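*Asks:* Here's the letter readout for the chains.
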Amino acid sequence: MTNPSKKPKGAEISRRDILKSGAALATLTLAPGVTLMAFGGKASASEDMPADGLKPGARWGLLIDAGKCPEDCSACVAACSTEQGWENNGLDTDPQWIRKVTLKETATGRTNSLPVMCQHCENPPCVDVCPTGASFKREDGIVLVNRHTCIGCRYCMMACPFKARSFVAAPVTGQKSYSPRGVGTVEGCNLCVHKIDRGDGTTACVEACTATGNNAMMFGDLNDPQSEIAIAVATYASQELRADLGLGLGVRYQNI
Amino acid sequence: MERITYRELRSTPKVWGLMALCAAFVGAAGIEVFYLAKYGPIITGLNNQIVWGVPHVFAIFLIVAASGALNVSSIGSVFGKMAYKPVARMANLLAVALLIGGLAVLVLDLGRPERLIMAMYTYNFTSIFAWNILLYSGFIGVVAIYLYALMARGVSPKALKAAALLAFIWRLALTTGTGSIFGWLVARTAYDTAIMAPMFIAMSFSFGMAMFMLVMILTTSITHRVYSPELRTRQARLLGVFVAAVLYFVIVYHLSNIYLAKKTAYESWILLNGGIYTWLFWGGQVLIGSILPMILLFHPKIDTKKGYVLLAALLVVVGGFAQLYVIIVGGQAYPLEIFPGFEVSSSFSDGVVNSYTPKLGEFALGFGGIALALMIAGLGMKFLRIVPENLSDDNVDPAVLAD
Amino acid sequence: MKQLLTSLLAMAALLISPSYAQSLFPSVPKALGEPHPEGNEYWRINHPALLAHDRDLVVLEGIRDVDASLTGCVVCHAVNGPDQAPVQSPVSADSPDNSCRVCHEYVAVKIGCFTCHASVPAMEDVARILPEYSNSDEGWRAYLEDLSNLQRVSQ
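Chains as they are written, first to last, in the working numbering: chain D, 131 to 386; chain U, 11 to 413; chain H, 13 to 167.
Calculated directly from the structure, the hints in this document are not laboratory data.
Here the structure is a predicted model, which means the values were calculated and not measured.
Even glycine gets a Cβ: it sits at the ideal position worked out from N, Cα and C.
It is possible that some hints are incorrect.
In silico lysine-lysine, DSBU-like type, Cα no more than 35 Å apart, as pairs [claimed, not checked]: (1) U:K273 to D:K234; (2) D:K267 to U:K48; (3) U:K48 to H:K122; (4) H:K122 to U:K369; (5) U:K91 to D:K198; (6) U:K171 to U:K315; (7) U:K392 to H:K122; (8) U:K272 to U:K369; (9) D:K267 to D:K325; (10) H:K122 to D:K306; (11) D:K267 to U:K272; (12) D:K198 to U:K273; (13) D:K306 to D:K185; (14) U:K91 to U:K273; (15) U:K24 to U:K272; (16) U:K369 to U:K24; (17) U:K369 to U:K311; (18) U:K273 to D:K267; (19) U:K24 to U:K273; (20) D:K234 to U:K272; (21) U:K91 to D:K306; (22) U:K48 to D:K325; (23) D:K185 to D:K198; (24) D:K306 to H:K42; (25) D:K325 to H:K122.
Some chain U residues near chain D, calculated using beta-carbon distances under 10 Å [as the list claims (entries may be wrong)]: (26) R198; (27) F259; (28) G361.
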């Protein structure tokens with residue numbers, strides 16, 4: 131599989147090498163105003179960073195075992211709120227990137243509980259309807275809102291079958307540097323994309339769920355046959371929400 | 011039979027008074043826009059469940075009515091009904107004015123209206139919304155060409171017909187696009203049906219004709235010009251046919267839904283237990299918007315009287331707003347089925363009917379759009395030769411009226 | 013005509029006199045870290061294009077180690093606010109002392125970034141971008157102290 135993200139990365143490295151070798155001025159006169167730059171020298175030289183850019187061919191996903199998810203636990207919701215810097219004070223205009231839903235089977239009366247967030251569809255309706263392409267799917271399957279191009283039309287919220295998105299209705303302050311959010315744009319679960327890019331290999335909700343000992347959530351690369359999540363979905367029964375819509379979800383559930 | 015002459019409106023206190031009234035409404039909308047920019051959409055009644063509210067109802071009404079108003083002109087140029095020719099200019103002007111009014115509301119209701127330009131250069135071709143941006147802006151251009159062809163001297167009938175045909179096809183595409191905004195949403199029970207597109211086309215015929223007749227009767231009354239009663243009666247009966255067509259599509263829509271087991275719960279909600287939406291459907295859309303106007307418009311003695319025709323057109327408009335409120339807000343109020351076969355509850359309104367209480371400012375924005383449309387139409391009529399001066403029965407092609 | 017001439021003369025006098033001339037230009041706060049190798053002039057002109065280019069790398073392709081990052085601007089170009097008991101802290105974009113605002117207000121260009129982005133540096137970002145400060149309260153205090161010791165330069 132070819133990965134276009136390799137291209138700018140390659141350009142980045144070579145230009146950095148040029149800059150490091152002290153030919154900055156010469157480079158600048160060759161192509162001013164393009165991308166010839168180095169930030170302070172220090173930032174670009176942080177060698178402890180992992181290999182940069184998204185993982186080619188990956189399909190990041192979650193596996194959620196509703197059977198292990200206690201109704202009174204909302205550790206994942208709290209962790210997401212803290213990590214991403216959104217706050218739910220109970221107003222219907224407050225954002226909820228992830229929420230706990232309580233289920234009661236109509237026919238049998240059996241009750242159950244599970245978290246619902248953006249399902250990171252293979253064919254996301256929100257991406258289809260977005261007029262500016264702000265709602266987009268990264269190559270590794272993460273569905274994101276590019277807030278730089280979001281005009282706040284809310285058509286994605288009309289189109290999403292899972293109510294995964296919220297609209298920021300009032301000015302925001304105190305954002306996290308890795309999770310910008312602001313008034314007039316739409317937002318939703320980003321699968322902790324900053325953590326994935328950093329190489330953490332997990333999300334805030336999964337970390338929190340594991341910390342409680344419930345172990346109801348698992349994160350991983352569904353396309354990597356060796357990964358824990360791929361082995362789990364290949365071994366045990368799991369399902370997508372609204373599978374009838376044929377959206378190909380990245381989040382799968384067990385024991386609903 | 012004289013030649014039809016068109017004249018600019020004279021400057022009378024009534025004309026400028028109405029303009030000032032419209033300007034006041036536009037100003038009120040401006041205040042709402044200012045507060046929206048300052049405090050954000052939190053000042054509206056919108057929330058994370060109902061994301062399109064009253065401004066969208068107004069905007070979509072105006073956009074749908076715009077393509078319908080053009081129809082009055084198409085009947086003359088495309089379908090050769092010569093009697094409609096004298097009002098073609100006015101229909102074109104009104105179509106453009108209504109569209110601009112509707113788009114203004116739609117744009118100012120965006121979370122980031124100042125980024126509208128982005129919708130022009132970051133473009134997603136799979137989005138029907140993006141297509142509509144092209145269809146709407148193209149509509150203004152196409153209708154402007156058509157209006158020019160109608161008004162300029164020495165335009166060959168062939169060229170005029172070509173312009174008229176292009177405008178007609180364009181407006182069908184436009185309304186198909188508007189209906190498909192809802193028709194192509196798989197997520198919600200109320201939408202997700204192809205009938206939305208033809209239903210919106212029928213709605214555009216009806217709302218557009220009603221808006222046209224309201225403006226025409228109002229303009230000819232305050233400027234003491236003649237609006238041929240024969241033509242008016244013909245148009246009134248045609249409006250009745252359009253109202254019936256909308257009702258037909260509404261009946262087919264609901265019958266199909268009732269037949270599908272997965273949608274019966276939605277139908278029993280919207281038709282019987284939906285509170286405000288059920289009331290608006292039966293009272294607003296069906297009774298006020300369809301039954302009453304049809305009685306007025308098809309009654310052989312009433313449909314010739316100006317006052318009743320005016321009333322009927324007004325009822326169609328009111329019913330149209332009710333219908334769009336039911337479609338847009340009602341469609342969002344009904345809970346999404348994420349877990350079929352389960353009763354669900356959460357802190358994010360899962361499994362419950364979503365609530366929405368529109369704020370005054372949202373109405374201000376909506377009425378501002380109508381006022382802007384009327385102002386553009388009024389200024390057009392004031393400074394261009396749009397309104398016929400001598401549209402008496404004698405001057406309307408009798409051969410056409412007879413058939 | 014006479015009035016026009018007088019005002020023109022007055023403006024000319026303002027430009028010639030060095031003491032007045034200084035006050036016409038924004039007083040730009042100095043920054044921490046190593047200076048841009050391309051020079052300040054280059055960055056003054058090109059920072060919008062550079063930031064816009066690299067933000068697309070980050071958002072669309074997940075390339076996080078970019079050269080022009082807004083977090084980088086915020087960390088190195090932070091300005092300490094007036095002494096506030098008990099601690100001093102960098103000002104946000106709400107303050108007219110904010111580095112970005114000093115120039116942007118001079119040229120009357122609205123800053124769109126801080127509607128969504130954090131305008132105050134966070135401790136872990138400081139430690140990542142300027143490794144001489146550790147990701148600890150101690151490192152944070154050293155960072156704040158160094159910020160306070162920076163001078164303003166008039167251009």
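*Asks:* Are the Cα positions of K24 of chain U and K272 of chain U separated by 35 Å at most?
*Replies:* violated (55 Å)
*Asks:* Take a quick look at whether K122 of chain H and K306 of chain D sit within 35 Å of each other, Cα to Cα.
*Replies:* Roughly 22 Å separates the two Cα atoms, so the pair holds.
*Asks:* Are K48 of chain U and K122 of chain H close enough, with their CA atoms no more than 35 Å apart?
*Replies:* holds (15 Å)
*Asks:* The hint names G361 of chain U as touching chain D; please verify it with the least Cβ-Cβ distance against 10 Å.
*Replies:* holds (8 Å)
*Asks:* Please work out if K122 of chain H and K369 of chain U have their alpha carbons no farther apart than 35 Å.
*Replies:* Measuring from Cα to Cα gives roughly 30 Å; hence the hint holds.
*Asks:* Would the pair K267 of chain D and K325 of chain D pass a check requiring their Cα atoms to be no farther apart than 35 Å?
*Replies:* holds (17 Å)
*Asks:* Could you check if R198 of chain U really has its C-beta closer than 10 Å to a C-beta on chain D?
*Replies:* holds (7 Å)
*Asks:* Regarding the pair K273 of chain U and K234 of chain D, is the alpha-carbon distance no greater than 35 Å?
*Replies:* holds (20 Å)
*Asks:* Check whether the Cα positions of K91 of chain U and K273 of chain U lie no farther apart than 35 Å.
*Replies:* violated (43 Å)
*Asks:* Is the straight-line distance between the alpha-carbon of K24 of chain U and that of K273 of chain U 35 Å or less?
*Replies:* violated (52 Å)
*Asks:* Checking one constraint from the list: CA of K272 of chain U to CA of K369 of chain U, max 35 Å. Satisfied?
*Replies:* holds (34 Å)
*Asks:* With a cut-off of 35 Å on the C-alpha distance, tell me whether K171 of chain U and K315 of chain U pass.
*Replies:* It holds: about 33 Å lies between the C-alpha atoms, which stays within 35 Å.
Of the numbered hints given earlier, the model fails hints 5, 7, 14, 15, 17, 19, 21, 27; all others are met.
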